[in-house]
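The chain contents come next:
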Amino acid sequence: MVTRSRPISSEFLFLKTITLFVFWVLFSASFEWVHLGLGLIFSFAVAWLNSGHSPFVPRFRLWLRIFLYIPWLFYEIIRSSLHLSKLILHPALPIDPHLISVESKLHHHAAVVLLGNSITLTPGTITAEVDRNNLIVHAIDKVSGADIVSKQIELKIADIFKDEKPDL
Amino acid sequence: MNILAIIFMSAGLFFLVVAAIGVVRLPDVFSRSHAVSLTDSLGAFLMLIGVAFHEGLDTNTLKILVVLVLLYILNPVIAHATIRAALRSGLKPWKKENL
Amino acid sequence: MTTFFFFVLMSLGILIGVYLYRVLKGPTIFDRVLGLNGISTKAIISLIVIGVYFDRVDMFIDISTGYALINLVGALAVAKYLEEKGLP
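Residue numbers (this note's numbering), protein chains in the order written: chain H, 1 to 168; chain V, 1001 to 1099; chain R, 2001 to 2088.
The shape of chain H in the complex, shown without the other chains (with noise of 0.2 Å):
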């Protein structure tokens, strides 16, 4: 038998459930009764052996920023992009690569999860580790450093996650 960490909280099984089932019918893609029947029953076996392991629920007030926030991090990758693309085509090669160490001021696992993804998916910065609240990041010159050192992008974050109870 299934032996648990934490009890089952029934907003977490309802969201997961829907999550997977939405899922099984983009990738069916067919609509007939047995098929969505099979799904359902699969979703709600997966989530309740699952529902274990997280106990972070956003709530939808959380997805809405984390939308917003998207096209700005966009725009940040489209910048970095172009910058990288001519460090590569100069001929000179001129990269400086360094490590910089980052403390952050967040206080929520989702949060530092997000900061990192966000880090490593902007091209000229690389996450190389994390331990709690301290990110180390490797970055190529000194321009793609200059916006970790500037903590713009945790600035962003931390306003995403002004409202949540802190859990780190």
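Source of the hints: derived by calculation from the structure; they are not laboratory data.
Any given hint could be a false lead.
[Unchecked claim] Quick look at which bits of chain R chain V covers, simulated, 3 or more residues with Cβ under 8 Å:
hint: 1; segment: 2005–2017
hint: 2; segment: 2028–2041
hint: 3; segment: 2052–2062
Given the structure is predicted, the values throughout are model-derived calculations rather than measurements.
C-beta: ideal position from N, C-alpha, C; glycine also.
Chain H is already provided as a structure; the job is to place chains V and R on it using the hints.
Just chains V and R, lined up with the frame of chain H:
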């Protein structure tokens, strides 16, 4: 629609070629991973958006967008895992002065 | 349009060859892992373009989704193993 698809896919192909040049030219693992992340973030995005424009609006386009979101979530994780393994096993990053 | 897709497929093949150079040459094992990661991203893209080229996107898109997930598991396993073992 076809013109838009050709424009987007050409831009994506440009970034893929730049990333391949970077993978050959750059000096060590840490710098090369930047070039690979250039492919993942912008090259794949522009290519798949071009294909989605060519397909028009139907189920396949939705699935292409799902693959895109999947790439955007999974590729940073892979790059971070590789780089962390390289750093922890004692590989020193390339510096300008000890050339 | 078919000609353009054929051109894209040819370019993707050449790019995979460039990455293969890095996989075969790479001084450390991490270079090889990184090259393989790049190759698999290009394989995902070229599977979708092949699907458009042969008018069977509905079949090839599922294959590419599965390929992306398998790529994640494989790369994570290799990275974890190398992290435990250290430089050979």
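Do at least three Cβ atoms from the segment 2005–2017 of chain R come closer than 8 Å to Cβ atoms of chain V? Result for this restraint: holds, n = 4.
Within 8 Å of chain V's CB atoms, at least three CB atoms from the segment 2052–2062 of chain R: coverage verdict: holds (count 5)
Is the listed coverage of the segment 2028–2041 of chain R by chain V valid when you require three or more residues with a beta carbon under 8 Å from a beta carbon of that chain? n = 9 at 8 Å, threshold three: holds.
Checked against the numbered hints given earlier, the structure satisfies every one of them.
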